[in-house]
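Q: For this one, chain Y is given, so just place chains E and A on it according to the hints.
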Amino acid sequence: MGELGRLHQLIIPVFGHNITINLEVMVMTWIVFALLIVLGLFASHKRNILPRPIQALGELIVSLLYDLTEDALGEELAQKYAPLICALFMFLLLSNWLGIIPHLEEPTKDLNTTLGLGVMGFLIAHYAGIKSKGFKAYIKEYFQPIFFMMPLNLIGELAKIVSISFRLFGNIMGGSIIILVVSYLTYNLALPPFLYGFFGLFVGTIQAFVFTMLTVVYISVQVK
Amino acid sequence: MELEVETVIKIAAYTGSGIAMGLGAVGAAIGEGYTAARANLAVSRNPKISGDIFKNMLVGQAVAESASIFALVIAILLLFMDFASPSLLKAAAFLGAGLCMGFGAIGSGVGSGYPGGESCFGISQQPQAGSQLTTNMLIGSAVCQTPAIFSMVVALMLIFIDFGNAPLTPTWAAFVGAGLSMGLAAIGSGYGGGLAAGASCEGIARTPQAVTSVTTIMLVGQAVSQTPSIFGLLVSFILMFKTFPESSMLATPMALLGAGLCMGFGGIGPGIGNGMAAEGAVRWVARNVEHSNELMRIMLVGQAVSQSTAIYAMVVSLVLIFVV
Amino acid sequence: MAIEGAEIVKAAAFIGAGLAMGLGAIGPGVGEGMVAAKACEAIGRNPKEAGLLTRTMLVGQAVSESTGIYSLVVALLLLFVV
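As they're listed, the protein sequences go chains Y, E and A.
Just so we're aligned: 192 in the working numbering is position 195 of the first sequence, and the numbers increase by one with no gaps anywhere.
Just so we're aligned: 32 in the working numbering is position 37 of the second sequence, and the numbers increase by one with no gaps anywhere.
Take the position in the third sequence, starting the count at 1, then add 167; the result is the number in the working numbering.
Chain Y extracted, bound-state conformation (with noise of 0.2 Å):
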């Protein structure tokens, strides 16, 4: 049990500040960036009219993807972030998977790779929205419905990174905790395979498929 919250860390002294840097999570993240360059890759290499099988898989993986920017944010704007929200979800999806591979840990597992996320999509989401409606009437909105509700209206903002944030890693967190508990009560008898495959693969999708919809979601509210 000793294991529990102990983390790899490189730690660097620049003038006095000390930088951290998880090793673990950063070599996990370049894991999961390399599987989908080679998955992209290879998904992309020799197309045909008539797709190989994991060319089909890419195809309808982004056109799916696609399709869900599109519903929400209309065409023109589609085409514009239909590629980041594919590439965020990929990215989600296997972090959240990595985990089932025995001695890989999932990135997502980590505040910073989820708050980073989070914190990128709120940027995206605002500067999407001041470009759209134009500075003045963005800032007009935060005076809604009187002018002295913008102190809560900035944190009801702010809010949103932090839940978008905190609900995926708390997901994979916890699903990670009661994995390596229950291991621990059983001896690793019957039970584990059976929690792999609830929270490693279908929480881990359904959490990657929510963080992405309400990046979607942020954005298309911050637009129209």
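Mixed in with the good hints, there may be bad ones.
In silico lysine-lysine, BS3-like type, Cα no more than 25 Å apart, as pairs [stated by the list, open to error]:
| hint | chain 1 | residue 1 | chain 2 | residue 2 |
| --- | --- | --- | --- | --- |
| 1 | A | LYS205 | E | LYS237 |
| 2 | A | LYS177 | Y | LYS221 |
| 3 | Y | LYS157 | Y | LYS221 |
| 4 | Y | LYS221 | Y | LYS77 |
| 5 | Y | LYS157 | A | LYS177 |
| 6 | Y | LYS43 | Y | LYS128 |
| 7 | Y | LYS77 | Y | LYS130 |
| 8 | Y | LYS128 | Y | LYS77 |
| 9 | A | LYS215 | A | LYS205 |
| 10 | Y | LYS43 | Y | LYS157 |
| 11 | Y | LYS130 | Y | LYS157 |
| 12 | A | LYS215 | Y | LYS221 |
The set of hints was computed from the structure by calculation and includes no laboratory data.
A: Chains E and A only, in chain Y's frame:
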């Protein structure tokens, strides 16, 4: 009058045992009563197949009972535990275990009554879909039990794990808080999961050919409804396994207790709300199968947004544990 | 062990923060769930308007979440300011 350590532990264990079984009986009793009430209605509608309805009712009640059986196990363990190394910490852990299991069994017990009742009623309307209804009911109410199982795991860990010589003063509050966090947070998720499962049985009785879509969306909805109880579990694990430095201040244990209460209460509402969202989606998938994709998407977004208050509660309790 | 007044205030602030956020989360959670359930019903009845309904649902949820945000603000004030 000075109490000995053994006496204090005994007091805590017996109190915890009473709380575990007393609160643990509430949920299952209500749930089974609902099942029986719907089964009576079903028999009055279609007396010819009363045998099938009776069988289905018994199966449904047996599953709904499991939450209170978990509570019984914990209560008996607390009554007859042998204490190898008596310390006051164990007393707090026993009290926490009792609270955790007692509250944790309420939601799942009430919730798993709904699929039982709705499937009985459904059989009276669509006797030929009986086996599908029973299967769906079993799946739905089994998933409903997940929060109760989480609570049992936390209660068992509080009872059995030897926490060594952690400092008494903040740690007792951490154990009670761990129990409250998991137990209270399980109420909403269990109840919400039951709402979704009940709606799915009703939907299958209405359109038996939509069984695959209905069961799928029920499972997804229930899985998302478990999120608040997973947050409760996360907070209670942190409370159990983080080592707190000794402190004689009053504020430190109160912060840990507050963290448990915050996550526990905070999980109730979002759990129920998520269940309602899943209920609506499942009901309308059965009526409008062609648009199950749209319904699934709006259900997930709606649930995700209604979870946000549970997430704020988790953030506040993490601040109470780590920052303060 | 003598407990000073300031310390009681601190302890009360912590418990109060926990209760404020915890109890404050119940109402918005249930309310937003109701909104989502009704939105599902509306899409089931009229799937063509899915985009409009999603946006309406999100606005409604955002408004009903505001009490949850107030709880969060109060809890954070109790933790860091009091």
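Q: Identify every previously stated hint that the structure contradicts and give their numbers, smallest first.
A: When the structure is compared with the hints, numbers 1, 2, 5, 6, 10 turn out to be violated.
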